[in-house]
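S.K.: Chains as they are written, first to last, in full-length UniProt numbering: chain A, 1 to 326; chain B, 1 to 247; chain C, 1 to 289; chain D, 1 to 393.
Treat the hints with care, since some could be wrong.
[Said to hold, decoys possible] Derived pair list, reagent style PhoX-like, types lysine-lysine, alpha-carbon separation capped at 20 angstroms:
#1 D:Lys-85 x D:Lys-162
#2 A:Lys-273 x D:Lys-85
#3 A:Lys-196 x B:Lys-23
#4 D:Lys-161 x D:Lys-242
#5 D:Lys-85 x D:Lys-28
#6 D:Lys-318 x D:Lys-333
[Claimed, not checked] Label-pair restraints from in silico Cβ distances:
#7 C:Arg-87 x B:Tyr-147: 30 to 38 angstroms
#8 C:Arg-87 x D:Gly-367: 30 to 38 angstroms
#9 C:Asp-4 x D:Pro-282: 50 to 58 angstroms
#10 B:Pro-141 x A:Leu-171: 29 to 37 angstroms
#11 B:Pro-141 x C:Lys-241: 39 to 47 angstroms
[Stated by the list, open to error] If you want a taste of the chain D side facing chain A, the calculated C-beta under 7 angstroms gives, among others:
#12 Tyr-35
#13 Lys-75
#14 Pro-76
#15 Leu-80
#16 Lys-85
#17 Gly-105
#18 Tyr-170
#19 Ala-171
#20 Phe-199
#21 Ser-335
#22 Thr-337
#23 Gly-341
#24 Ala-374
For the record, the hints were derived by calculation from the structure and aren't laboratory data. Here the structure is a predicted model, which is why all the values come from computation and not from measurement. Each residue gets a CB set at the ideal place from its N, CA and C atoms; glycine is no exception.
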Amino acid sequence: MFTHTPLRLTALSLLAIGSLAYAFVAGFFGLEILAEIAILAILVIALDLVAGFGGMVSLCHGALLGVGAYAFTVAANAAGLSAFPAMVLAVALSAGLAFVIGAICARSIGIYFIMATLAFGQMAYSFVFQSPLFGGDDGLSGAPRPDLSAIGIDLTDSRAFAIYAIAMVALTYLVAAATLRSGLGRSLIGLHHNEKRLRALGLTVWRAKATAFAISGALAGLAGCLAAQHTQYISPGLLSWTVSGEALVVVILGGLGTLVGPIVGAVLFVVLKHEISALTPYWHAIVGMILIAVVMSRANGVFGFVEARMAARKPKPVLQKADADA
Amino acid sequence: MLETRNLTKSFGPIHVTKGVSLKLEKGERRVILGPNGAGKTTLFNQLVGELTPDSGSIHLDGADVTALRVADRARLGLSRSYQKNTLFDGLTIGENLGLAATVAMGKGQGLWRDPLHSAEVKETVREVAAQVDLAPLLDMPVNAVSYGIRRQLEVGIALATRPKVILMDEPTSGVGPEMSKGFHRLLKALPRDLTVLIIEHDMDLAFDVADTITVLNYGEVVFDGLPEHARESQLLKDIYLGAWEDA
Amino acid sequence: MTTDLGFWVLQTLNALQLSMLLFLLSVGLTVIFGLMHFVNLAHGSLYAFGAYMAASLAGVLGYWGGFFLAPLAVAALGAVLYFTLIRSQRRAGPMAQVLITFGLIFVAVDATRLIWGDLPIGIAVPAVFEGQLALLGVEYPIYRLFIIALGLAVLAALTLVLTRTQVGAMIRAGVDNDQMAACLGINVERMFFLVFVVGCALAGLAGAVAAPVLSVTPDMGLQILIPTLIVIVIGGLGSLKGAVAGSLIFGFVQTFGAVLMPTFNSVLIYALLAAVLVIRPEGLLPAKG
Amino acid sequence: MNKTFRAALAGLVTSTAMLSAACAEDIKVGLLLPYSGVYAALGQDIDDAFALGLATFGADSGATFEIVREDDEVKPPVGLAKTKKLILQDEVDVMVGVVSSGVLGAIRDTVDGAGVPLIVANAGNDEATGEACSPFITRISFSNQQVNRPMGKWMVDQGVKKVFTIAPDYAAGRQMIDAFTTGFTAAGGEVVGQEWPAFQKTQDFGPFLANAKASGADAVYVFFAGGEAISFVKQYDSFGMKAELPLYGSGFLTSALYVEAQGPAAEGVITALHYVPTLDNPENAAFVAAFKEKTGRIPSEYAVHGYDSARALVEAVKAGATDRETLAAALPKVSFTGPRGELRIDPATNNIVQPIHVYETVAGADGLTQKVLATLPAEADPVNGCAMPAAVN
């Protein structure tokens, strides 16, 4: 079950303080990177919610993010909604789509689930890529940023936007943590361990999976809205399965099923990517090798590794009752 | 309370359940006996809906549930334990019971509150833990306890749904004689209005808890009656003891 | 134009040609999965490697040098991968496998860029297969007929090996139940290695025969991956029949979709896939049950 | 574009502009090109030729040029992020590059808002010098319509009356074919059928070729580039269609960059482009020789964009430009005779005006070469909704 261990709380506080402090001192490019990290963090929290806790390893989260980004941009530009209603609409659309995908894929497990989500993600990608309404390969520009001038915040300023994005990460984290502690979250974790038993206990498995996937999809859609607001330009590449693959990489890099770890992973991934790509155009290969090394090491990512080390230092719980037959 | 009519199921040429008709009254304790491969677990799987029968029907508390799915039947008060432990391995014993209670109470899809900390779930967990003798171990992770304790939890999870009918598939399989006896003490202490159907291997213990006995052989009911009659039945001895000695 | 018999013949041949190319790719991937439960996302990269090797070798030894040696080179690379990455990850679960082989794709794309550069490479069709053949009233490129024939030949050979030989029986037993196969005294480890390497060689062969038709580019492995995965998911993971069925379905839907309903074409195949997943989550002809 | 954002950017820009004015003779150039992804080879060609151009013409300009390179990965959001970095962090005086029209579309508002001059060294989307034109964006490469429109009339003049067109289904493909169709039908030709294969998803063009064959056309006119161009030309030849149904197209189809990969299949294909390495003029001879010496390759049309971008930048500096503002004002005024012939910038759109060369790919002494059949006179693109502010300076 999901709990906030002291280590996790410490890591969260450090991340919050660190990112906010950096937001106040960083230069322009630092703020861009901070916003990039924040958007990726939202996506990977969403992914960890279903993949890490529910065992639903999705390769369509990039597509869900992209749907959010496109829905937001189209709602704001073509339909003329202001930013916040457009965000609500986009998040709802991502959630609805995720619910349908989750419901259809609920019967598939393991690699079948991965393949099925990959297929749905590519379907969305092809649709957007092909559709002239969405600007095809060239994409769409002009996604607005929310207008917070009423409370004295100008989100067109990079610093304000970075802080706004960090606040959204916090919101995402709270939603994810609350979900994990709700009845649905408990069921989701149970499903990961033993789907058959939960069904025998009376759980409508497909609905639980679809609902959890919808919540995750909503968060991915939120990440999409922020991505659109951040670059103010979107293209079908956002929906590509490689974005989902990269998100999965980040979750693994940080620590699957820890909710905090993926945030750490997002920080590491973005910083690493910028550092390495400054050195060589072949940075993909280096990222690939790091990924292989992390997975081969069998540690649960960077944060998972730290957690395991800390747990190893604590004394093991002792059996309170003698076993008649071990 | 639980009734089957002419239940039949075959896998290709092999009949695993052949015209099985059973009727359990409320509060009845019935033991199903039969050699390996007699179709006992297959019958359970059909009762809870994990397998669909080829023909025949299943009735729970007067309602035809043959077309209902596993989860729907569970919500009507049908619960089961498995011959092979089917637990939530990463969680603690308390969380296992809590999760079962949560789902059974229909809170498994809830979004707003933490059911594990709700009074009702906590109360159920406490009661069931007492019933299956796990009260002091609630905080132990499942993967850190012995096999015998896991067997107890297996039944505990089934009980945590507060069922009307519970099906137990060899609850003492693989545990030693001492623990097995303790288990039967627990079974006898269950509330009298709970209908219990048990697959059991150990004849003596079976006769100890059973109100009635059903014997299956090659998917067919070959005996259905009181334990004392079963004890005297030559047919039963031939089939059951023959197979028993072979094993 | 659609009432013209020639149109249907031509498009059927096109569909078959695409199907056979996909069959060569998917059969290795699917049998490896059926046997080892290993999903190799880098299978497309092996195909690209085969195409590059064929292109390079063709420059030195002529087309047939590339045709025969490229699959061997890919098999050798497969053997290296097997011992360094695959073997230790066999039991690591699908996610670890997906991620490791995803990482491999990144490495493979940049490796081909480093070795062969960013520019597309092309190789010529071998002299014997130049030109067209008149067939049922249409002129069809001989080389494409060769691809169809090659695919059918490989299918026939694999069917023979799987149904008539002892190795084939072992592989079928392994796909059915690997524990039982191990109990029967089959050297599972050696069988896995064999199947993996042969699967890689077939991917290399696919690359080699595709090279003269398509252009050889660093991202060709990534481009072919999704179609290949669709083929094996539609067909059912792990089965030879599934790979055949999936390849044919993909080839025909793609080809006729492209000319008859171009606006829906790209979504069509995914919609079909979704339908299969809803109705039969394990694919049309899964290896088990 | 959000007004406050533009204002914020402009504020940042003026403060940084004053900083850079201090050392006027140093021009900081931000080179935004794909160094990875599908267009990496194009990026490399432009990069090599740009450096060559600076070395060739920059020496006597009195200025020193510092180059900051960024990889846009052919991904619009990445291109935008890198653009912001170049403008706000590196504080470049001028940006050069952009291969993909998608990237150009993505960065257009940022460049325009920040008032940083951008020399477009490839991306050919019509909007960039049409409705989305900017006084800060000068295109030294080509526009999609420019390369294709004149070919329509020329083909009719050659006796081609009925044409079947094929191009990938994306903005550039549509623009190229639509411009050709306009020119072709205006001259009296008839388009008897069209196919739009899915962009970057189609590897086998066989299904579309069958339709072209059955259409009763005199010729086929296509646009493809990169790997798709190689596949298409080879597959067209393999179906034996070249003899009965001659293949025409936009010149990217048989670009010098990858015509070798097409091999004999490309022989006899007639296409039109703004640059061919075999153009017979002294500027081109010097360029080809220098580029070959530097890289060992024959320069492509992409290379010439890089070379002429450098030349244009140097010309602007020679005209007295020193910073973003003056460069932006000077760049649209440059004109010179380069390897492509006489070039000038159309003040109405800031798009290049250049002659178009019709060429046939033929077998030469060492491999395939380009035989120029005709040079069609330079023609400025229609304004297409471009409203240029009256004056920048």
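S.K.: None of the hints should be skipped; say for each whether it holds.
M.R.: Hints and how they fare:
| no. | hint | result |
| --- | --- | --- |
| 1 | D:Lys-85 x D:Lys-162 | violated (50 angstroms) |
| 2 | A:Lys-273 x D:Lys-85 | holds (15 angstroms) |
| 3 | A:Lys-196 x B:Lys-23 | violated (27 angstroms) |
| 4 | D:Lys-161 x D:Lys-242 | holds (17 angstroms) |
| 5 | D:Lys-85 x D:Lys-28 | holds (13 angstroms) |
| 6 | D:Lys-318 x D:Lys-333 | holds (12 angstroms) |
| 7 | C:Arg-87 x B:Tyr-147: 30 to 38 angstroms | holds (32 angstroms) |
| 8 | C:Arg-87 x D:Gly-367: 30 to 38 angstroms | violated (46 angstroms) |
| 9 | C:Asp-4 x D:Pro-282: 50 to 58 angstroms | holds (55 angstroms) |
| 10 | B:Pro-141 x A:Leu-171: 29 to 37 angstroms | holds (32 angstroms) |
| 11 | B:Pro-141 x C:Lys-241: 39 to 47 angstroms | holds (45 angstroms) |
| 12 | Tyr-35 | holds (4 angstroms) |
| 13 | Lys-75 | holds (5 angstroms) |
| 14 | Pro-76 | holds (4 angstroms) |
| 15 | Leu-80 | holds (5 angstroms) |
| 16 | Lys-85 | holds (5 angstroms) |
| 17 | Gly-105 | holds (5 angstroms) |
| 18 | Tyr-170 | holds (4 angstroms) |
| 19 | Ala-171 | holds (5 angstroms) |
| 20 | Phe-199 | holds (6 angstroms) |
| 21 | Ser-335 | violated (30 angstroms) |
| 22 | Thr-337 | violated (33 angstroms) |
| 23 | Gly-341 | violated (30 angstroms) |
| 24 | Ala-374 | violated (32 angstroms) |
Checked against the numbered hints above, the structure breaks hints 1, 3, 8, 21, 22, 23, 24 and satisfies the rest.
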